[in-house]
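Top to bottom, those sequences are chains B, C and D. Heads up: the first sequence begins at 24 in the working numbering, then just goes up one per residue. Heads up: the second sequence begins at 48 in the working numbering, then just goes up one per residue. Heads up: the third sequence begins at 56 in the working numbering, then just goes up one per residue.
Some hints here could point you the wrong way.
[To be verified] Negatives, chain B to chain C, calculated, CB over 10 Å:
# : residue
1 : 256
2 : 436
3 : 537
[To be verified] From the structure, some residues in chain D lie toward chain B, with a derived Cβ separation under 10 Å:
#  : residue
4  : 110
5  : 115
6  : 238
7  : 240
8  : 242
9  : 307
10 : 309
These are calculated hints, taken from the structure and not from any lab test. We treat Cβ as the ideally placed atom computed from N, Cα and C, and that holds for glycine.
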Amino acid sequence: MARGARSSPRWAALAAAAAMAVVVAGCGTPTPAPAAAPPDELRLAIGGESEEGYDPTLGWGRYGSPLFQSTLLTRDADLNVVPDLATNYSVSEDGLVWTVDIRTDARFTDGTPVTARDVAYTFSTAARSGGLTDVTALQEAVAVDDDTVELRLTAPQSTFVNRLVSLGIVPEHAHGPDYARNPIGSGPFRFVQWDPGQQLIVERNDDYYGQLPAFRRVVFLFTDEDATVAAATAGQVDVAAVPSSLATATIPGMRLEAVTSVDNRGISFPTVPDTGRTDADGRPIGNDVTSDLAIRQAVNWAVDRQALVDGVLAGYGSPATGPVDGLPWYEPASAIPGNDPARAASILDAAGWVDSDGDGVRERNGVRAAFTLLYRAEDSLRQGLALAVADMVRPVGIDITVSGVSWDAITNRLHADAVVFGWGSHDPTEMYNLYSSRQAGIEFWNPGYYSNPTVDAHLDAAMAATDPEVANRHWRAAQADENGVGFGPAGDAAWAWLVNLQHTYYVDECLDIGRPQIEPHGHGWPITAGITGWRWTC
Amino acid sequence: MTTTIAAQAAEHLPNRRRRTLFWIGAAAAVVLGVVVAGTLSADAAQTTALADRNLGPSAAHPFGTDWLGRDVLARALAGLRLSLLVGTSAALISAAIAVVLACAAVVFGGVVDRIVSWLVDAFLALPHLVLLILLAFALGGGTHAVVIAVAVTHWPTLTRVLRGQARQVMASDYVAVARGLGRSSWAIASTHLARHVLGHVVVGTVLLFPHAILHEAALSFLGLGVDPAEPSIGVLLAESMRYLTAGAWWLALLPGLCLLIVVKLVDTIGENARALVDPRSVHL
Amino acid sequence: MALDLLSPVRVISAVGGRVLRLALLLATVAVASFVLMVNSPVDPVSAYVGADVAVIGPEQRALIAERWGLDDPPLERFGAWLGNLLQGDLGHSLTFNQPVTEVIAQRFLTSLALMSAAWLLSGLIGFALGVLAGVQRGRAADRVVTWWAYTLASAPTFWVGLLLLYVFSVRLGWTPVCCAVPVGVTADEVGLLDRIHHLLLPAVTLSIVGVAPVVLHTRHAVVEALESDYVAFARAQGESTAGVVLHRVLRNAAAPALLLQFSSWGELFGGSVLAEQVFSYPGLGAATTAAALGQDVPLLLGIALFTTVFVFVGNAIGDLVHAQVDPRIRRVGASWRSRGRATAEEVA
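Bound-form chain B, shown alone:
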């Protein structure tokens, strides 16, 4: 037996206590020779392990590529929706019925064809399963014929298109309790092995109907940040996702790619005064300082976002002006430049906030311009941002007390104190949730009880639209309409958005990963969205 023969000299090495020799022998076998022709194996350390397994009906594949399954629609590098398993789709006048035609040449890796019944099964299962994909808008999914499926909704929802983009289709005949550990699908890759907590090994699905990946085998390493850096330094991986604070070293043979994202951080303000009101769970609502528009605008104007990017993000990021910067439904007119303390001061002066007792903090009617800013204690990035923002607004006469607490504590105070949040999604539902008065106080959405009828009207219209272009027009108008009304910093300044992160990856110099999408919240796995187009260049 070959391995036995190979093993004996290794044992001798161990016996000689030559630890070095063991390392060389131990690692020598699996590592391909770097100088040879482009290897057909790709190794990625980009996190993203789904500890629950790889079942799309439980939420697998909602970011990046689902690898094993394919989705009805997909987003290209510009985030436009393009067909994938579906050849075409249409939405009824009332927005309630989505009719999808699917291609007939797609097969699952067990050889059976993908039919409309599988699609209907996938959607109805996901709608009922308690996983991480929210398909609760679906009333029923019906296979009209072999290649047509009707998705019937309980209410019009233009953002339902994102379920068509993110939900991988599973085979009805092979979907059971074991599926998550042994996924079968019609995607570009085939499942080989998963060592939970360690690695996932997949191989190219040569029967895939789309563009075939350039790699026969792809290995995903589920290492911690520190081990990822070490693996990259040791040349063991071709792509490594590292936090920007660790992206300082130069690694020979690798380049650093900083990918733009809407993975943003911003401050939510309670927008209503404290009248003693509480929510259903008895949590206090309202803040007498941040409910004043002048205070919120002043914070927005005083903050030097570029300094935050340079200082806290080590340059890997961009100033944020809203929750959806750079996405197809972003409204540039809602932005303000910021870093203008003088303007912030004049806004406060005009609103009657004056420092009459000379303590450096303004007052109005006996109320000090002071509030508390909470952040999740575990998150050192948010801590850095919160501390820096407090320093930036102090000269303007606003006193922010920064406090790092647990999520539980934030949950109890988020309607009454300012909070550093991080959001960022390819689904505008998130924007709806953050600003619609209907969502005030639900989950972590619209924590500040922001409410503006004009904004609400646009958000509702966007949600009910059947045409994506109409929807986008309303999404934009909610940020700032032609009269300047909107939730953005130029309007109601309901939040102070601070920065968008850049996601940093070390990438092998010989690997072309194309032009990545603007990535959502979550650093790592989203980069796989374009994996079928990746190529070796040398």
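Since the structure of chain B is already known, use the hints to place chains C and D on it.
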């Protein structure tokens, strides 16, 4: 060669007593210094200086700085102070529980004794760290959860020791005499037991302290302990893990070394004091 | 010697008594842990949703709670859990989406390699050093070994692990920085040596901390034996020091060391939780941390019960072996037992 251990240890007693006093003095000085310095550096421990990030040890920052430019020495001192607080409260509470249970077991005997033994066995049935994780989880995590979890799990071994000691006392002739004279259980406990077991209680409390500190650090290191915004040594070491492969060794080495020194100091006192109280236990 | 301990009646009654004790202990642990878990203020759904809070609505949250049976009243949940438990079903892990028994079985096998390696290392090294220190009592070797043991006892396991990781994996590159198997290799291609290579550093870390109590107790036993009357007698008969140590002392010293080693399984497991965290080693210890961080109540309960059995078995074996090895078992056995355990606990 056939000198008994006890006799031999007794010969060394004066020497040992002096040594113990020396260590107690040294430890008191260190503990006081840490508490004062930790309190003074509480602000410095959180102050960020984005221009001075990831600096190695230097004259300005003897322990270096972390990724937000915070001074690691200040953070280590603040962390040690927190450790000492957790350790002290945990040791005192555990010792109190142990004294009450051991006395109850011996004085009342019978069913009470069995219940106490059963409680001790039940608490020792699980690996201590698993028990701590369960408790910290049940209490919802955070600093208060760790303090409680550490405090209410360190009493079983001490209870066992005290119960053994107390039993010897109760079996002695003079207690039999006292009983014969019609003294109540409580009277016997408060006079004889207290006097004879006190030394073991003090030593046991001191020796609980290091384990309490180490367990707090372990829980915090796993992310199940002290709120990460508070600089405890466990939190510092958990943070250091991220930067270890990038070469920032000072983040791990120096705060950990501080913890080691404090723990060893207290442990040395405890072992020396134990030698005074119970010469047979000396590791010669 | 001690053969009468093995007579059938004694064995049956001893085993029966132990099984009964274990059953009682398990019942206590089960009820107590369940009460603790149910009263935890932390919401498992929020922990599960995590960063997806942006797009998961209240209806979906309700579905998740329903899937996990979180809506039923606590007593009903306990009844259901207990019923399944009696049939050997520990429930379904929320974090790993897998039956708890499977998670524990798979993860424990991985941990077992780590723990047994560390256990053997600490036992052998600790015993050797303890004998050395005991024989050399008062001399330089003794002082160094004793000082070292006390210092190790004061060092946090995970800190020692971090330092080893930095020196051997980061600076020297001799050992891997993570995992139990090499990168990108399928299960059937992984050689034994690969596994040992990945096991080396975590096992050394785990053993270093377990070594201190063995050293101290062995040393104590050796010193005690060397000063005993029978050794004095043997010396008087002209036996050399080496002969005395070999024939009379080792056996006496081995008993406490063995008892200590077996009764330290609890500390061994606790140490593996920390070591696996440092080295990203995917064993049961890492699963324990993941379960607590992920609010995975069924898995935590399963681990609580499993480790109770684990510790119990260790103690039982320890008592048996101790009875076989130590000729003085009846005289001082009881006191040794409690001392051995107390100290293993203290030094953890």
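Hints versus structure:
1. Look at residue 256/B: its CB is around 7 Å from the nearest CB on chain C, not clear of 10 Å, so calling it non-interface is violated.
2. A cut-off of 10 Å between C-beta atoms confirms that residue 436/B is not in contact with chain C; the least separation is 15 Å.
3. Distance to chain C confirms residue 537/B as a non-interface residue, since its nearest Cβ pair spans about 28 Å, more than 10 Å.
4. Interface restraint check: residue 110/D against chain B, minimum CB-CB distance 6 Å, threshold 10 Å, status holds.
5. Taking 10 Å as the C-beta cut-off, the interface hint given for residue 115/D holds, the closest approach to chain B being about 4 Å.
6. Proximity of residue 238/D to chain B holds as hinted, the smallest CB-CB distance being about 5 Å (cut-off 10 Å).
7. At its closest, the beta carbon of residue 240/D sits 5 Å from a beta carbon of chain B; the interface hint therefore holds under the 10 Å criterion.
8. With a least beta-carbon distance of about 6 Å to chain B, the hint placing residue 242/D at the interface is held under the 10 Å criterion.
9. Interface restraint check for residue 307/D: the shortest CB-CB distance to chain B comes to about 32 Å, outside 10 Å, so the restraint is violated.
10. Interface restraint check: residue 309/D against chain B, minimum CB-CB distance 27 Å, threshold 10 Å, status violated.
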